[in-house]
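A.B. asks: Residues per chain, in single letters:
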Amino acid sequence: MSLLEIDNVTLRFGGVVAVNQVSFSVEEGEVFALVGPNGAGKSTIFNLISRFYDPAEGDIRFEGKSILSRPAHEIASLGIARTFQNIELFDQATVLQNLLVGRHRHRKSNLVSELMFLPSVRAEEHRHREAVERVIEFLDLQAYREKYIAGLPYGVRKVVEMGRALAIEPKLLLLDEPASGLSTEETQDVAFWVEDIKKQMGITVLMVEHDMHLVSAVSDRVLALADGKMLSLGKPHEVQNDPRVIEAYIGASDDDGKAVA
Amino acid sequence: MDVLQLLVSGLANGCVYGLIALGFVLIYKATEQVNFAQGDMMMLGAYITLGFHNAQFMGLPFWLSVPMAVVLMGVFGYLLDMFVLRRMFGQPQIAVVILTIALGFVLRFFAGLIWGHEPLALETPFAGQYLSFGGITLGVDGVMIIAVTVLLTVALYFFFGRTRLGIAMQASSQNQLAAYYMGIPVKRINSLIWALAGAVATIAGVLFASKGTIDPSIGLLGIKAFAAAVIGGFGSLPGALLGGLIVGVMEPFASRYMAPTYAPIMPYLLLFLILVFRPHGILAQVHSKKV
Amino acid sequence: MRTVFKTSYDADIDLFRDRIHAFWYMLLLAVAILIPFVIDEFTLGEVAHLLIWAIAGMGLMILVGQTGQASLGHAAFMAVGCYAHVLLQTDLGLPFIVALPLAGMIAGIAGVLIALPTSRLHGIYLGIATLAVSMLTGDIIIIAEPLTKGVYGLYAPQIEIFGLTIDRYGNPDRFYWLILAITVLVVLLYKNILRSPLGRSFAAVRDSEVSARAMGVNVARTKAISFGISAGITGIAGALIGHFTGIFNNETFNLIISIQLLLMIVVGGLGSIHGAFFGAIVITFLPQVISSIRDLVSSFTGASSVAVPGLDTAVFGVLLVAFILFEPRGLYGRWLKIRTYFELFPFYRRDMFRRQKSYLKTERMR
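Chains C, F and S, in that order, give the protein sequences.
Okay, so the first sequence: first residue is 1 according to the working numbering, each after it adds one.
Okay, so the second sequence: first residue is 1 according to the working numbering, each after it adds one.
Okay, so the third sequence: first residue is 1 according to the working numbering, each after it adds one.
These are calculated hints, taken from the structure and not from any lab test.
Keep in mind that a hint or two might mislead.
[What the hints assert, rightly or not] Covered stretches of chain C, going by a simulated chain S footprint (3 or more residues, C-beta under 8 Å):
(1) 75–86
(2) 97–106
(3) 111–121
[To be verified] Simulated restraints, written as ranges between beta carbons of each label pair:
(4) S:120 to C:56: 51 to 59 Å
(5) C:134 to S:247: 54 to 62 Å
(6) F:110 to S:46: 48 to 56 Å
C-beta atoms are modelled at their ideal positions from N, C-alpha and C, and glycine is treated no differently.
Bound-form chain C, shown alone:
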């Protein structure tokens, strides 16, 4: 049984078919990348998995069970964490508080005990903070722990987003363009982290990314999409050399074409 199964999913916005009969499955322990030109439907697939959109047709299964009956806020507690393409952090809170929100699915205390701040709540807070410290350590965020997001540079915010998703302690991590807007060095860091997330933490990664160097360096399998349809699925170099993929990119724009070559 695969960890995540996208089964013949279609989504329409008005007359536009954003995702057209897409099927693929992500196996436990692999890094799976979605590539394709802008508007190919990659982020839309993420939003479908996050349950922000309802598919018109098809099914999405996680650990063998359909998630379509669940509301968006229950997806995290299943063990699916995500980042956003245009960074959606809690701006008026510190890095530490942002990461602690990631621990929300592990919250055991109830409303009344929190209002009284009973010793059990304090003990739980300790556990949350220990878990968050491990993430901070892993991503080298020590220097920013008490800083407000609103004042942080773009690159750090990207890392904090990844940290917040890791604080969830997910089984499946969805990374939406983790390297977009980052420098070469920062992208290198992301590559190492993705590698460690897979090997040390045993978390399966599903990733949308434009940077083909990063994709071929870290991913086990790649799915290329264009106009909401599946083009090619396979090992990174196979997909990269697939004539249909090359055509889709060159047809889309020159910039992206170079990225593939």
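Given the coordinates of chain C, work out where chains F and S should sit on it, guided by the hints.
C.D. replies: Chains F and S in isolation, oriented as in the chain C frame:
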């Protein structure tokens, strides 16, 4: 024909609510700002017209006073956006909500200071005239209000559908960034939207004043209009008008057939019913945020 | 600038940052306890009034400052709290100490009921719904005349706690201490919210609903809880106002009160407990400042002091506009800047507190 008279008076009220709601929704759609002072802008528009026209103030002819007030309020709306609202760009929406509520109180105070708190009547040429046909007597004011609203709606429809400026406004309200890239001066467009809302508010104010007296607190009618906007379907211009008409027609019938203590709460009761059973309003336009 | 070295997680969790921090607040509390021995009865009453406003302000602050939702009709929940509190005592014969928390709970439930239909929707719906509620309050009090006595109003009974009589005029010092004790309890409650997962889920909803959802926060439920707690605390403040004014009717809790509450938290500083207190100080003493300025002006012009209707609310309005435009973080934010300036002197930079504006940020459903 009691029912017909109630209906006309209800429709007339409803047109005023609808026009206030229209200005409110117009601004929201274009700028994502919520103008809780729209009702007070209506009040101000009415007073400015009254100030130009009434004999005790400037005594200008009615047909000159109205366009002057409309232009003046348009300029007011434009400047309001330029000097106040534009600074709020990028700030949380809640700040704009509080800001415009406060602005309403300030406008109310200045209107009271200039024109006093005693109720005043706008001396319209058609005040107190009646049309009667087939045994039915209708006030000219009511018929006038409905006619003007219909004309204004048609004019706005063509403005947004056919003119360059109207289409630019539509584009910028759908995606400000994309509109900006296409060379549309988004900032100026936003100010023009506020100007338009000010002008529409003035017409609503004149219509309201034509059927009775006004005092500085009539701006609170705006609250009923906001409820109407939600009832009709927030974010839809026809919805705003429809909601206004529903609330307007409801009122005279409620006060005619219900206990006087219950009648005033009916519009709000409808608001809560709509929120529970059809939260996006009668003409729903449901979209979800893109991430 | 003092650097605080944190050696345990508790340093973040505890009420006070360190001993020095704790010392100052304990000193403040001691002063507050001893005040009745120093000042006259009238001023003591004003200070008690201030504390009641601060409680109401903290109630609204939880909703607006912490959760980012607007309520334009919070006076309605003061009314619910006030009427419930008095009726529980007079009609059901409950003692004060039981009636007060119950009244808070009733106001809280009323809040949840108002918030529920709008909690799945955009924040503006809540704004309009609460505005509608504020318009309805007076009408509903009239409709419920058998209970509320409509325009004639109700009298707050004398407070008795374990045989100890507390009366606002008879023994103002006891009344003040009672209010002070409740204020401290509410501050504790607020602090507990801030340092627990609940407070973080509020902040998450405030800053990004989409992302809060992806983190597993039930946004609609969180909004409703926030509104409930907020309305509950404001309801308790309303109950205390009832005892403070002694008599109240359908016109006591009007739209102006709701606006004053908003003014208080915006001017004080959104998102902080300090803000509620700073705001309460402004709200309590502003009317007096306005009237003395008016007297001053009329003494110069020679005219007799004419009451200008609506002047107070206009000044409130102008202040609100000015603060939102020029100091969105309120008096507390201004105070933080001044403090930092002196701590860092001469190295303070002008842009130190500047917040990055996010132009692409939109919560609009598109």
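A.B. asks: Of the hints given before, which are not true for this structure?
C.D. replies: Of the numbered hints given earlier, those the structure breaks are 4, 6, listed in rising order.
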